[in-house]
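Novice: Spelled out, the chains give:
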Amino acid sequence: MNTNTPLIYVGNLRFRWPLDQRDVMDIPELSIQKGERVFIKGVSGSGKTTLLSLIGGINLPNSGCINILGTDIGQLKQSRRDQFRADHIGFIFQLFNLIPYLSVIENITLACAFSSRRKANALTKSKTLEDEAYRLLSHLQLQDRRLLTKPVSDLSVGQQQRVAAARALIGSPELIIADEPTSALDADTREHFLSLLLSECKLSGSTVLFVSHDQALENCFDRSIHLNKLNIAKVSSQKEQNEGMS
Amino acid sequence: MNYLRTIIILILVISPFAYSNEYKEVSWDDLMPTDWVPNVPEDQAFFEGETLDGTIIELPKTDFAPIVKTLDTQKLKLPGYMIPIKFNASSVSEFLLVPYVGACVHTPAPPENQIVYVSLKKPLVTQDLWAPVWVSGIMKAQLSMTKHATAGYYMTEALSEVYDY
Amino acid sequence: MNLSLLLKLTYKSILNRRFTSYLTLFSICISVFLLLGVDTVRKEAKHSFTNTISGTDLLVGARSGSVQLLLYSVFRIGNATNNIGWESYEKISSHPSVAWSIPISLGDSHKGFRVMGTTQTYFEHYRFADDQPLMFKIGVKFSGVYDTVIGADVAENLGYQLGDELTLAHGIYDTDFARHEDKPFVLTGILTRTGTPVDRTIHISLQGIEALHIDWKTGTRSRETVSAQQALEQKLQPTQITAFMLGLNSKMDIFRVQRAINNYKKEPMLAVLPGLALGELWQLIDVAEKALLIIAVFVLLNSFVGLLTVILTSLNERRREIAILRSLGCRPIQIFILLASESLLFAIVGCFLGALLFLIATVLSHSILQEYGLHIPLSSFGSEQLVLIAAVIGVSFLIGSIPGYRAYKQSLADGMSIKL
Chain A
1 MNTNTPLIYV
11 GNLRFRWPLD
21 QRDVMDIPEL
31 SIQKGERVFI
41 KGVSGSGKTT
51 LLSLIGGINL
61 PNSGCINILG
71 TDIGQLKQSR
81 RDQFRADHIG
91 FIFQLFNLIP
101 YLSVIENITL
111 ACAFSSRRKA
121 NALTKSKTLE
131 DEAYRLLSHL
141 QLQDRRLLTK
151 PVSDLSVGQQ
161 QRVAAARALI
171 GSPELIIADE
181 PTSALDADTR
191 EHFLSLLLSE
201 CKLSGSTVLF
211 VSHDQALENC
221 FDRSIHLNKL
231 NIAKVSSQKE
241 QNEGMS
Chain B
1 MNYLRTIIIL
11 ILVISPFAYS
21 NEYKEVSWDD
31 LMPTDWVPNV
41 PEDQAFFEGE
51 TLDGTIIELP
61 KTDFAPIVKT
71 LDTQKLKLPG
81 YMIPIKFNAS
91 SVSEFLLVPY
101 VGACVHTPAP
111 PENQIVYVSL
121 KKPLVTQDLW
131 APVWVSGIMK
141 AQLSMTKHAT
151 AGYYMTEALS
161 EVYDY
Chain C
1 MNLSLLLKLT
11 YKSILNRRFT
21 SYLTLFSICI
31 SVFLLLGVDT
41 VRKEAKHSFT
51 NTISGTDLLV
61 GARSGSVQLL
71 LYSVFRIGNA
81 TNNIGWESYE
91 KISSHPSVAW
101 SIPISLGDSH
111 KGFRVMGTTQ
121 TYFEHYRFAD
131 DQPLMFKIGV
141 KFSGVYDTVI
151 GADVAENLGY
161 QLGDELTLAH
171 GIYDTDFARH
181 EDKPFVLTGI
191 LTRTGTPVDR
201 TIHISLQGIE
211 ALHIDWKTGT
221 RSRETVSAQQ
231 ALEQKLQPTQ
241 ITAFMLGLNS
251 KMDIFRVQRA
261 INNYKKEPML
271 AVLPGLALGE
281 LWQLIDVAEK
291 ALLIIAVFVL
301 LNSFVGLLTV
311 ILTSLNERRR
321 EIAILRSLGC
331 RPIQIFILLA
341 SESLLFAIVG
351 CFLGALLFLI
361 ATVLSHSILQ
371 EYGLHIPLSS
381 FGSEQLVLIA
391 AVIGVSFLIG
401 SIPGYRAYKQ
411 SLADGMSIKL
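Going down the list, the protein sequences come from chains A, B and C. The first sequence begins at 1 in my numbering and counts up by one. The second sequence begins at 1 in my numbering and counts up by one. The third sequence begins at 1 in my numbering and counts up by one.
Same shape as in the complex, but just chain A:
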């Protein structure tokens, strides 16, 4: 794969939910280069999460291709897709990212339990997985060891999000997908978290796909995409609706 091949290439992507009559996703083309930090904006309900689930390989498109690292994940079998996701993609959600019965460190190293590739990567940077977890956390400015031995529910939301980021980053997956990770944080913490996340992604060379409705964050990113312009499915249905009315 040469440097000109995009990390993600989506072509003629069409998707609809099983019981629906209409497509909810219709993307003619989307191309994201390696190392790009992309901000995808859209209002709630515009299909942001659906797009991420398609790129993440959790849902299958009805037609079209989704190429990540040269592999059309739509053609992969369920188990291969899951493994691909484990190996190459790190997720950060808006809320409740962590598993309550595992410790902070266990939550982070869990990502490596599902991917030997990421585990190997992590071990090139530190002696043990735990050390690597601590290293990432310190980059994200979570150094207080006492805090880290507490149960995850004792951490503040901001702290939890940073732990989630560490989990997404450990083992240097090529793609980081973040689904409104700052929406639950207050304004001050938001920017701080974002800068920490983006600098760490730069360090590890990961591509970032950041979805949010908060336009104030747009400037921190290389590129900004409007979901409504990207996804023509809603547009056409809107148009049809308008036509139907007249």
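No lab work stands behind these hints: they were computed from the structure. Positions of the beta carbon are idealized from the N, C-alpha and C atoms, including for glycine. Please note that a few of the clues may not be correct.
Simulated DEER-style distance windows between Cβ atoms [stated by the list, open to error]:
#, chain 1, residue 1, chain 2, residue 2, range
1, C, Asn316, A, Thr71, 31 to 37 Å
2, C, Val297, A, Ser126, 50 to 56 Å
3, C, Leu301, A, Pro28, 56 to 62 Å
4, A, Leu203, C, Leu15, 33 to 39 Å
Here the structure of chain A is known, so what remains is to put chains B and C in place on it, guided by the hints.
Specialist: Below, chains B and C alone, put in the same frame as chain A:
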């Protein structure tokens, strides 16, 4: 080498069946001489007002139900019910084989030539004592009474299995 | 993707819900204990009972029912309806077909243990289990009128030594207003343990029985008491006995002699084959023991329903966690294993604790069981019990598949839209 193994296995598998065919199946009627007519034993005890003489029925030698001599040393197979003599909670090793059970109230117990004293080679594991069984073995027809044995039919080292209806 | 990680996750998840986990575990532990208990008691009861008598061809008593006769003469449970006259006994036992006979006489007791009058032939001919004879731990058979031989449990529970004196009571319950205090008995022998009602019996001679009751002929203590010494001078010929056991010269004679006794016109008697009588006893008990087993199984099923409820309820709370795992690359089948293994883990630990509880209970309840003639050794826990436990664990896995399957389906449907 494989052929030899197959042949040996075949022999081992078939031999029990072959073995069991050695035993001639007989019926309970065959154990009674054809010319013998069993006599009706004395009445059951009913109190009839006057005290009757309480003499126990003696066991005169002539009163024994006769056995069929020709059955001696023959390999026979016979179905019947077990009256356990030597047993434990899960198995029976010695028993009297009789043609029926539980009818003692209606009719007297079967005559001696309708009883076989069976001693099993291997105890029969059974939860149900009333289940009928097949017994196969070498029949010993003891003609006369000795100090240790009354006249009758015996089978030692016998094989048994549950009777399928 | 290794199984050990999933099991570790299951384990940590259960630890997190400690309180409900303990309750569920407790419930399974108790029901496994119950199942094991019922199954073992029923098998051991049959075993104990069958081992009580061996080698006896006929049991004879006054005409009643065969099970009743078996129970009072061999197991010392219940009472005879009537006695048998001595003459009848003599006539039958002197028959040429009879090899040996043991007369017995019941009706007295001592501190909760039953007294049995019998003769020396008892010690020679009585057999139990696999043709085991009675043996003396110390001492000898009784010879004098006031001698007594006791079983192992009597000696152990009351701590008697040779030469000790025992005061016997009239009737099966020993209270101080109906004792034969004037005629104490001397201990001459203690038998080794048999695991049968013999252990709980106090044996005296038939003459001893006569001596005890020499001044009780009216049914109560008469005004003119006869002292122990005076009794010896009298003729202590027994006039009646409760029952007797017969050994015949040839097994072939069994039916003939049985019929002869049943038809004996001078006295109504019943002769039974111990094997057949035991079979009848088991027919009666069978219904009860099967019912007990069914109840125990239902109790276990109930525990499983509880377990299922707990896991299914937790499923809702765990949808978030499952979505996170999916995003990390966890496959739906692994989600299935995660949840199914939960019930498996509960079952394994529950069974282990239940079995442990059962073993402890076996040891602790030893003396209570003895009273009912039951003897449950620790060795009774064997391969059969392990099969039972394996079945329990197998069923638990099936049950665990239900939430496992639901989680599996949910994980596919939820995708990234994590419903809270």
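Novice: I'd like to know which numbered hints this structure contradicts. Please list them from smallest to largest.
Specialist: none
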